[in-house]
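As they're listed, the protein sequences go chains A and B. Residue numbers for the first sequence follow the working numbering, beginning at 1 and rising by one. Residue numbers for the second sequence follow the working numbering, beginning at 1001 and rising by one.
Hints in this document: simulated from the structure, not taken from any laboratory. As the structure is a computational prediction, the values presented were derived from the model and not from experiment. Possibly wrong hints are sitting among the right ones.
[Stated by the list, open to error] Straight-line alpha carbon distances no greater than 25 angstroms define the calculated PhoX-like cross-link-like pairs of lysine-lysine that follow:
(1) Lys1306(B) x Lys60(A)
(2) Lys30(A) x Lys1175(B)
(3) Lys1285(B) x Lys30(A)
(4) Lys1621(B) x Lys144(A)
(5) Lys108(A) x Lys1610(B)
(6) Lys1306(B) x Lys19(A)
(7) Lys108(A) x Lys1487(B)
(8) Lys1568(B) x Lys108(A)
(9) Lys24(A) x Lys1341(B)
(10) Lys1568(B) x Lys106(A)
(11) Lys152(A) x Lys1621(B)
(12) Lys1306(B) x Lys12(A)
(13) Lys30(A) x Lys1487(B)
(14) Lys1487(B) x Lys60(A)
(15) Lys108(A) x Lys1496(B)
(16) Lys1419(B) x Lys144(A)
(17) Lys108(A) x Lys140(A)
(18) Lys1346(B) x Lys24(A)
(19) Lys106(A) x Lys1610(B)
(20) Lys1546(B) x Lys60(A)
(21) Lys1346(B) x Lys60(A)
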Amino acid sequence: MSPKELRADGFKTLEQFIKQFEDKESALIKVLYEAQHIFGYLSKEVMLFIADKLEVPASKIYGVVTFYSYFTTEPKGRCQIKVCMGTACFVRGADQLSRQLENQLKLKMGETSDDLKYSLDSLRCVGACGLAPVVLVNDKVYGKVEVDDISKIIQDSEV
Amino acid sequence: MKKIATYKDLADAYVRWQPLMALRQEAVHAGAERHELLVCGGTGCQSSRSMELLHNLEAEIKAAGLEKKAVAHVTGCFGFCEKGPIVKVFPDDVFYVEVTPADAKDIVHDHLVNNILVERLLYEDPAKPGCHLEKQHDMSFYKKQERIALINCGLINPELFEEYVAVEGYQALAKCLQDMSPTDVSDAIKNSGLRGRGGGGFPAGVKWEIAGKQPGPEKYMICNADEGDPGAFMDRSILEGDPHSVIEGMIIAAYAIGASQGYVYIRAEYPLAVQRLQRAVDQAKEAGLLGDKILGSNFSFELEVKFGAGAFVCGEETALLRSIEGGRGEPTSKPPFPAEKGLYGKPTVINNVETLANVPQIMRRGPAWFSAIGSEKSKGTKVFALAGKINNVGLVEVPMGITLREIIYDIGGGIKNNKQFKAVQTGGPSGGCIPAADLDIAIDYDTLVAKGSMMGSGGMIVMDEDNCMVDIARFYLDFTMEESCGKCTPCRVGNKRIHEMLTEITEGRGTMEHLEKLANLSSVIKDTALCGLGQTAPNPVLSTLKYFYDEYVAHVRDKRCPAGVCVKLLNYVIGDACIGCGLCSRGCPVSCITGEKRKHHTIDQARCIKCGACETVCPVKAVVRSK
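Bound-form chain A, shown alone:
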């Protein structure tokens, strides 16, 4: 399918998903989850579509999207590198890992590279505190990471 068809298909799936809810307003967060799952991020176009289908003002949708850290209005990189910034990871040196990643990827925390290859983010506690400090690459967990491991982690993620 072409990108255009893929997108049209995504909107169709989303509309089907929305139809199952009787109480439209309280379904908003679940709908946003699904939309982000389909499109990868919540563009203005997607938010307006949801507003229309749920019969909720677009301003409310925008308010909710920007309130919760899970939702993003920008596209993310194919390879999402996240440093856990929970307290357990922090006291075991997670901020040094962040600095090293920022230096090596030439990105700041929260940024995505122009070629959409990498996104660098911090996240709040994955609950694997026994493995602190933790770095996630997409869904893969790296535990007890040291500054020297960072180059290897970036290399692995390129494959």
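Guided by the hints, dock chain B onto chain A, whose structure is given.
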């Protein structure tokens, strides 16, 4: 699945499924005919490839032709995360630690086939090097623990409904519906002394009583599983290891208050907990334990899972309600309390996961049993997530009233790398730091508050001499500032100002006046913020100012970070290891590094901006930070 529609059906199911637990509850004996291997399937151990290990164990059992004599299962968190992945062998009661997928072969061949323990996988007693312990209860990590909320974690397979029933699951619910009125139930919880495990410690039974007395048929029961404290993972582990206990607790609570609809509000960042909980809810529905006329009584209750989307403030009751209603999770002022006017304006009880996991045990064993455990005003046990600079990171459940020293040294095994203990932080971003002088206080809700901290949901982060307390305070304020919903000014603006001042101090731009302003502003925010998040946000600052004032003074007056953490207060210097490759001087953005080729380079301290680029590029680690 056959419906469990009556009390008799439940009693029959128990008799039918009880044998599932036979090997695990049998008296310990080596050389048994049949074996069960339980593999930890919690998030921590799964990150260390425990599912691959489980798969390998199954394959090895098959290859050895032992399918009829041995079986491997997944189970919930054993708590000893530091030594994960863990495999426990029943009925011999042998506890293997740090097991890799490659070890499956030895476990099956040596232990199951040849009946020899795999000694290298046994836990080595740190007090007696060379002494390997095979039993869980012989380890110092477990000796002082008492499991109530975690009783089934590491015992049953959380994905099998039958196993929960086999450990007397849903019997407490049957007892409540059959023999007790709703008021009897809330009285029993009141008498047990159970207090909310999510933060403030409000008596759970009183909450139920207030909601129960409200008029009208429409009420809600909510389980708060939005565990947002960074460094806390007790609720996640309960949901992953024993989701049915939380569901049973919710149905009992709903019966006590007269609610017919319930929600579990859970963090979407916990995919495994979400999956196990959803599966358990579906199983309970299928069995008829959720839905119309539960167990043939007149009581009906529906349960739905709702997702949080990453907002710490949604752990606050009123914010959580707004989020379930589909909006921004902004808190509202109390009163009215949710027990009077909650979800969609109806009476609503919100209890956290651990609180609810205690309920079935209390109802089954009686309030008197529960209230005999713990301290005078805090009954029962508390689960703590022990993390940070400690030898035994993990999940521990201890009776209230135990001392910090017992938790940190006896259970936690002391400080990593024999460093000096500096402080322990309890209560997450709402709590405070407790210094070494207070290690012997008996911990319960009230003693922690008296020390300027709080119980919170039970995060316990240990810090050593290498942690800078000003930097820790800044870290927490960074968190609360980001997570402030922005509705009230004291929290939105006040915490931002505190964060700015702390940043200035850690960057060497602080003055003694800063310290006074910090204390003043903190107390104003405490008095005036709208919700619990804002009111408690200054606690990390106030407690570190109180107990570690000297460190603040060192940053402000001497422009020095005693722990060597605050980068702007350190000097980068090039040590003797320098090979003169020149990478640092080429990487330096302000060109302040000079030196001849293949000779020792030096950094001009006056021009250095302390970006750390030289440290990153140096191939021989010659660039070091000096305090």
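Results of checking the hints against the structure:
1. Lys1306(B) x Lys60(A): Cα-Cα ~19 angstroms, so holds.
2. Lys30(A) x Lys1175(B): Given that 25 angstroms is the threshold and the Cα spacing comes to 36 angstroms, the pair is violated.
3. Lys1285(B) x Lys30(A): 21 angstroms, holds
4. Lys1621(B) x Lys144(A): It holds: about 20 angstroms lies between the C-alpha atoms, which stays within 25 angstroms.
5. Lys108(A) x Lys1610(B): Distance ~17 angstroms between Lys108(A) and Lys1610(B) Cα, so the pair holds.
6. Lys1306(B) x Lys19(A): Holds: Lys1306(B) and Lys19(A) sit about 18 angstroms apart, inside 25 angstroms.
7. Lys108(A) x Lys1487(B): 28 angstroms, violated
8. Lys1568(B) x Lys108(A): It holds: about 19 angstroms lies between the C-alpha atoms, which stays within 25 angstroms.
9. Lys24(A) x Lys1341(B): With a Cα-Cα distance of about 22 angstroms, the restraint between Lys24(A) and Lys1341(B) holds, given a limit of 25 angstroms.
10. Lys1568(B) x Lys106(A): Roughly 21 angstroms between the alpha carbons, so the hint for Lys1568(B) and Lys106(A) holds.
11. Lys152(A) x Lys1621(B): This hinted pair holds, its Cα atoms lying about 17 angstroms apart.
12. Lys1306(B) x Lys12(A): Holds, at about 24 angstroms.
13. Lys30(A) x Lys1487(B): Given that 25 angstroms is the threshold and the Cα spacing comes to 24 angstroms, the pair holds.
14. Lys1487(B) x Lys60(A): 16 angstroms, holds
15. Lys108(A) x Lys1496(B): 21 angstroms, holds
16. Lys1419(B) x Lys144(A): 18 angstroms, holds
17. Lys108(A) x Lys140(A): 21 angstroms, holds
18. Lys1346(B) x Lys24(A): 19 angstroms, holds
19. Lys106(A) x Lys1610(B): Holds, at about 17 angstroms.
20. Lys1546(B) x Lys60(A): 43 angstroms, violated
21. Lys1346(B) x Lys60(A): Holds, because 23 angstroms separates the two Cα atoms, which is no more than 25 angstroms.
Hints 2, 7 and 20 from the earlier list are contradicted by this structure; the remaining hints agree with it.
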